[in-house]
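Participant: In case you want the letters, here they are:
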Amino acid sequence: MAETTRPAIRGEPVAGKSMAQRGSAERRLFLFPALILVGVVTQVAFLATIYISLLNWNLVRPDLGTHFAGLSNYTTLLTSETFRTALQNTVTLTVGVLVAGMVVGLLLALLLNRPFPLRGLVRTLLITPFFVMPVATAEIWKNMLLNPLFGLIAWLIQTAGFTPPDIFGTHPLIGIGILLTWEWYPFFMLILLGGLQSLPEDLIEAAHIDGAGPLAIFRYITLPHLQRYIAIASLFGLIYLLGIFGEIYVATQGGPGDASTTLPYLTYQTLFDNWEVGAASAIGVTAVIFTIIVATGFNRILLRMTGYGEAQ
Amino acid sequence: MARKLHLGTVVTSLVAYAVTIAIVFPIVWMIMTGFKDEVSAYQMPPSLLFTPILDNLNEALNSGIMTYIEHSAVAVGASTLVALLLGIPAAFGLVWHPRKSNPNVLFWLISTKFMPAVGVLIPLYLIFKNVHLLDTLWALIIVYAAVNLPLVIWIMYSFFSDIPKELLEAGRVDGANDWQVLMRIILPISLPGVAVATLLSVIFSWNEFLFAVTFSYTDAPTIPVFVSSYMTSEGLFWARMSMALSLAIVVPVLLGWAAQRQLIRGLTLGAVKG
Amino acid sequence: MHLRLSHLVGIAAVFSLVLTGWTTSAAKTIAAHSVASGARSHSAASSTTLPLPRKNGVTITVATVGNPDQVAMEKLAPKFTAETGINVNFVTLPEDQLRSKVTTDVATGAGKFDAVFIGTYDAPIWAKNKWAVPFTPLLNKLPASTQSAYNLSDIFPSIRGALSYNGTLYAVPFYGESSMLYYRKDLFQAAHLAMPMHPTWAQVAADAKKLNSGSMHGICLRGLPGWGQVLAPLDTVINTYGGRWYDTKWNAQLTSAPVKAAVNFYVNLVRNYGEPGASSSGFTECETDMATGKVAMWVDATVAAGFLEDPKQSLEVGKIGFAYAPVQKTPKGSRWLWSWALAVEGASKNKEAAAEFIAWATSRQYVNLVGTTNGWTTAPPGTRASTYKNPQYLKAASAFAGLVKTSILSANQHNATLLPVPYVGIQYVDIPEFEGLGTSVSNLISAAIAGNTSVDSALSQAQKLAQAAAVKGGYKK
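Chains as they are written, first to last, in the working numbering: chain A, 1141 to 1452; chain B, 49 to 322; chain C, 429 to 905.
These aren't lab readings, by the way, just hints derived from the structure by calculation.
Incorrect hints may appear among the rest.
Said to hold, decoys possible - Pairs of lysine-lysine, BS3-like flavour, derived with a Cα cap of 25 angstroms: (1) C/Lys892 x C/Lys688; (2) C/Lys637 x C/Lys677; (3) C/Lys823 x C/Lys613; (4) C/Lys777 x C/Lys613; (5) B/Lys177 x C/Lys779; (6) C/Lys688 x B/Lys177; (7) C/Lys558 x B/Lys177; (8) C/Lys779 x C/Lys503.
Said to hold, decoys possible - Chain C residues, not near chain A, derived (Cβ > 12 angstroms throughout): (9) Trp559; (10) Gln631; (11) Ser707; (12) Thr801; (13) Leu846; (14) Asn871; (15) Ala878.
Quick reminder that beta carbons are idealized off the backbone N, C-alpha and C, glycines included.
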């Protein structure tokens, strides 16, 4: 971890105690407003959530009152099958969309890296799905396109002579995965495109001269160069994807059964269907712990892969 | 050699155009549906050629969509401004006066995004209720700023870290104080980063749904609330909702298009340093 | 002299007819009424205006769903403001979000709503939690002329009862609905099939099988998760098969023979002869299917009748036939009862203004206003006897008005099952826990419809959930 204390300002003076001391006050001045705002809003809310998770509080049964319940919300949660399914679904969906988005993003980035007429317009259009409201995305895909009776894609499949599948019924996670990939691939594409564009031309030229074919170039030059970008895109993508909620809410409501229930959706259901504020808070806290574990692990891999702070 | 390039380019172009049309078509379809009436909206076989009607557009405009857009603009604009005003100096502080705690600070910032929004909904609701900020844009501004700050700081941190040492040394040698270094040397060359941070912050806040619906009633509803009002469990609404959705995505899409050049440059430079 | 007398007799007869409201020249009605009671109203009394006192400068916030009838109300609200000087702000959200938002608001004491749309399910719970205030005392504060023009007793007692708690009325119905069967007259004719007015589920299943071919599907039934989605029609099937959710000791009955038979029937019917994508089809999807001619039958809310006959929303206008909701072993509980109703929130600071708005929106005059402004098929149905005596409404809705009225009047929440039960409700169990329980069970049923699980497995899991809910809620001792 020691290497990571150096930001990549090369040769920046680190000795000289007096300089370091002098900087402390300024550093605090610059940092504190931001940290305070974030801290107050998120940590206070988080502490309140932890406190509430120790209560039995049903919003529509004021006659039962609010009682201290210790860790019973957590024990009930961890032993429930729905929680395990939700955890599984969360992991499957997140990893699936991460991989799919990255692959699609990579392919499109490679495409956009080559010059061709109207490239600017194409690039502009290709990033559009990222800016569409998640609720809109879900509505479009669920009803306008994929609905087996009156969806457009379903109609196309029917015209081709096949029976349109009921994706959200039989394979809800795949259905949601499709619409999430459509929504998020631009995020990955942009990062990877940036990476491709920062790849020095002369390296490729040299490889060509050496007689390397396009596949070899990709494998031994492009991909390693992109490692860093893939890692960053994955970390951010992971954090955002783990918390998605709106798309599931609109498309499947976590169903059928709990086939597409994820941790965030389970939290919502527990809060607004069961009205159990305490239990919902417990799920939230558990989700945080889970994400910390995943992100920490991921961060370590990331650090090792990108050689955080190695000299440029 | 020129001939070979031509063929490759043609193939690339065709593939690019085909893929683009396929990917963007759902959005086009949605916009088209907004100009149909309810009955034709879901007719199969679908009508690609039709006479557009403006009823849905008029209805949306008459339902006061401009007010919602205004509210969204204020909430998103103000919160992004706050995030930039606090986040840029914060990232600068981390880079200019580095400490061993830097990675921990960065990790802590990102850890604030681990809690699903719905988990803190009731606590935040109660807090805002007690300070009488429910149904005001302030509630959303505060929450969005706090939620986007980590992103802004991470992005600006990457940019600042990438600046060549010589430039910074020049600043120190000149005897400039920290603020001057930031404003006169570092910021001007980090504008792509600022563009990226701004854009992502705006898009994520504009599309944010859960807090917007929960904290607002009648004085501060934003676009997501407007779109929700078209969803009903009884009665057809496809065409009208398509129009509402089309109008709702206009701002972020236009913003994204306008800034996408900066966006790519920004994401590029940011990623290099992580 | 003779002629003059008969003239007078004739005029008196007309006058009495007018007084009993048998004609729609309601202007004469209210004018006669005003003359008779010497009322002083602040605005011109007419058949479409309820006289209401002015309260200038007051603003109220109303929480509402975005259903077509409520959307129409929002568009007509400026008339209310013009008459009373009370400004109305609407918060419009889909049902479940509205319920979340409103419940959060009232349970945490934020109290930023004045009038709230709640359903027959919510009313007793709200009353018990003191989240809503009784309506009648507020109505009694209004001037006598308003009260008589409003005529509370015109509202169907069965719906009023469903919105009361311990005999006190807490919410006033805006529109009421039951369930019924819609079918394609032309398809039935072509197949030489007849649909009786009171079909049985067995007949319906047989018809669905016969009409299910090619791109036409026999029937559309809800399968979307949600205690108000798939469970609504399913519960009526359970009832009519002789099943129930709990016995009198609050033991869950979801694995009992009649319930199993009912659920198996429903799931198999929709899987074999129902619409594809059933597990994500709710009211709106089935309505779209029926209106675009994809299904031959549909059992669902009576409000759809108006939509299916509206050329702006349906391609099958004139081809739709109507029948009562099918029965099997018993007619009890075969038709559900639901009403969206307006209640004054307990924490509201403008209770009287809210009550005025509620009176305006649930009055006979409002029904007339909608009828004359937007067309009589769109008048809010199922709340007032006067609506069903109104010749203009009857003419426009002749095909289904009588059916709807009878269905609503005969739907009894307190007597909806073959065997006695400890709960109230036809298509739901009216306890607060039902929202969570019902949602979970509906998810299981939806999975069974999608074919991801067997009915037996779904029901045994549902049984466990229902037992747990009864214990946790303190019902089962």
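Participant: If a hint holds in the structure, say so; if it does not, say that too.
Facilitator: Here is how each hint holds up against the structure:
Proximity of C/Lys892 to C/Lys688 is assessed by CA-CA distance (about 15 angstroms); at most 25 angstroms being required, the pair is judged to hold. Among the hinted pairs, C/Lys637 with C/Lys677 is inconsistent with the structure: their alpha-carbon atoms are about 40 angstroms apart, more than 25 angstroms. Pair hint C/Lys823 plus C/Lys613 holds up; C-alpha atoms about 20 angstroms apart against a cutoff of 25 angstroms. In summary, the hint linking C/Lys777 to C/Lys613 is not supported, as the alpha carbons are separated by about 52 angstroms, beyond the 25 angstroms threshold.
For the given pair, B/Lys177 sits about 21 angstroms from C/Lys779 by alpha-carbon distance, which is consistent with the 25 angstroms threshold. For the hint pairing C/Lys688 with B/Lys177, the CA-to-CA distance comes to about 47 angstroms; that exceeds 25 angstroms, so the pair is violated. With a C-alpha separation of about 20 angstroms, the suggested pair C/Lys558 and B/Lys177 falls inside the 25 angstroms cut-off, and the hint holds. Restraint check: the Cα-Cα separation between C/Lys779 and C/Lys503 comes to about 23 angstroms, which is no more than 25 angstroms; the hinted pair holds.
Non-interface call for C/Trp559 relative to chain A: violated, since the shortest CB-CB distance, roughly 9 angstroms, does not exceed 12 angstroms. Under the 12 angstroms C-beta cut-off, the non-interface status given to C/Gln631 relative to chain A holds; the minimum distance is some 25 angstroms. For C/Ser707, the non-interface assignment is contradicted: its Cβ lies about 4 angstroms from the closest Cβ of chain A, within the 12 angstroms cut-off. With a least beta-carbon separation of about 30 angstroms from chain A, C/Thr801 lies farther than 12 angstroms from that chain, consistent with its non-interface assignment.
Against chain A, the non-interface label of C/Leu846 holds: every CB pair exceeds 12 angstroms, the least being about 29 angstroms. Taking the minimum C-beta to C-beta distance to chain A, about 5 angstroms, the non-interface status of C/Asn871 is violated against the 12 angstroms cut. Against the 12 angstroms criterion, C/Ala878 falls within the reach of chain A, whose nearest CB is about 4 angstroms from its own CB.
Hints 2, 4, 6, 9, 11, 14 and 15, counting from the list given before, are not met by this structure.
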